[in-house]
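Using the sequences plus the hints, can you model the full thing?
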Amino acid sequence: GQNIDQPTEMTATEGAIVQINCTYQTSGFNGLFWYQQHAGEAPTFLSYNVLDGLEEKGRFSSFLSRSKGYSYLLLKELQMKDSASYLCAVALTGANNLFFGTGTRLTVIP
Amino acid sequence: EPEVTQTPSHQVTQMGQEVILRCVPISNHLYFYWYRQILGQKVEFLVSFYNNEISEKSEIFDDQFSVERPDGSNFTLKIRSTKLEDSAMYFCASTRQGLKNGYTFGSGTRLTVV
Numbered sequence: 001g002q003n004i005d006q007p008t009e010m011t012a013t014e015g016a017i018v019q020i021n022c023t024y025q026t027s028g029f030n031g032l033f034w035y036q037q038h039a040g041e042a043p044t045f046l047s048y049n050v051l052d053g054l055e056e057k058g059r060f061s062s063f064l065s066r067s068k069g070y071s072y073l074l075l076k077e078l079q080m081k082d083s084a085s086y087l088c089a090v091a092l093t094g095a096n097n098l099f100f101g102t103g104t105r106l107t108v109i110p
Numbered sequence: 001e002p003e004v005t006q007t008p009s010h011q012v013t014q015m016g017q018e019v020i021l022r023c024v025p026i027s028n029h030l031y032f033y034w035y036r037q038i039l040g041q042k043v044e045f046l047v048s049f050y051n052n053e054i055s056e057k058s059e060i061f062d063d064q065f066s067v068e069r070p071d072g073s074n075f076t077l078k079i080r081s082t083k084l085e086d087s088a089m090y091f092c093a094s095t096r097q098g099l100k101n102g103y104t105f106g107s108g109t110r111l112t113v114v
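In the order they appear, the protein sequences are chains A and B. Reminder that position 62 of the first sequence reads as 62 in the working numbering, one-by-one numbering, no gaps. Reminder that position 53 of the second sequence reads as 53 in the working numbering, one-by-one numbering, no gaps.
In case anyone wonders, no lab produced these hints; they're calculated from the structure. It should be emphasised that the depicted structure is a prediction, and the values quoted were computed from it without experimental measurement. Don't take every hint at face value.
Quick list of the computed label-pair ranges, beta carbon to beta carbon [unchecked claim]:
no. : chain 1 : residue 1 : chain 2 : residue 2 : range
1   : B       : G40       : A       : I109      : 14 to 24 Å
2   : A       : R66       : B       : G98       : 15 to 25 Å
3   : B       : S55       : A       : A39       : 30 to 40 Å
4   : B       : T13       : A       : E14       : 21 to 31 Å
5   : A       : D52       : B       : G16       : 46 to 56 Å
6   : B       : G98       : A       : Q2        : 34 to 44 Å
7   : A       : R59       : B       : T112      : 34 to 44 Å
8   : A       : G15       : B       : N74       : 37 to 47 Å
For every residue, glycine included, the Cβ atom is placed at its ideal position computed from N, Cα and C.
What follows is the structure, encoded as C-alpha cells:
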C-alpha cells in the first residue's frame, strides 16, 4: 500500500517561518503536491515537485528529495490567514490520481 | 478565475436512497475526478474520467458508484444505495492535461446519510 506521513498539528507565530515535513513510501512516483485546505473548504493547489530540489513561489517554497522519499513545505512571513491544514499528496507513475496524507493542521498565533 | 462548480452544497438522504452529485468542470479541462473526505480524515481518490470513460478507480469505487458525463459540461457521481458510511464531503476536480498545475477542486458537496 501507499504510505504518506506528516505531523498532525503544528503551531507557529505570526511573522515567523514554519517547515512542514512529509515522508512517503509509494509503489511509484510521478510528482509530489502540496495543497492548502481551510476548514470546510476545498483543497487549493500550492506546489508541485517532480525533480529534486527547491521550488519557490512567493512566501511558499517546497522541497523534494526522491531518494529519501521526503518533502517539505516552507512558509515564510506567516500570516493569520495561513492557519489551515496542509496536505501532502503523491501521484503514482503513469497515474493522474493522488494519494493524500492526513494533513498537518497549522495554527498561526499572534 | 475559472471554477469547478458543484451542486448541491449539502445533501441529506436516507439510507438506501440514490443520490446524484453534480459537477461542472472547467470548460477546457480534459480530466475529471471525484474524491471524498470523511470528516476529520484524509482526502481519498474515488475515480478519474477521461475521454468519456473511467481511466482509474479505487477500491472504494465499488458497484454502488457510477460516473457519467451526460453532456458537454456536467460530470456526475451517482451512489445507488447510500449507506451511513457514505457520509462525507465529495469533491469534484479537473485538470487540463498533466499534473504540473495541480487539480482545481470544486467547493464540495457535503453528503449526510441518515
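For each hint, the structure was consulted:
1. G40(B) to I109(A): 14 to 24 Å: Given range 14 to 24 Å: holds, Cβ gap about 22 Å.
2. R66(A) to G98(B): 15 to 25 Å: At roughly 18 Å between Cβ atoms, G98(B) and R66(A) fall inside 15 to 25 Å, so the hint holds.
3. S55(B) to A39(A): 30 to 40 Å: holds, 31 Å
4. T13(B) to E14(A): 21 to 31 Å: Violated: the Cβ-Cβ distance is about 42 Å, outside 21 to 31 Å.
5. D52(A) to G16(B): 46 to 56 Å: For D52(A) and G16(B) the Cβ distance comes to about 51 Å; the hint holds.
6. G98(B) to Q2(A): 34 to 44 Å: At 21 Å between Cβs, range violated.
7. R59(A) to T112(B): 34 to 44 Å: Because 37 Å falls inside the window, the suggested range holds.
8. G15(A) to N74(B): 37 to 47 Å: Since the Cβ atoms of G15(A) and N74(B) sit about 45 Å apart, the hinted range of 37 to 47 Å holds.
Comparing the model with each earlier hint shows violations of hints 4, 6; every other hint is respected.
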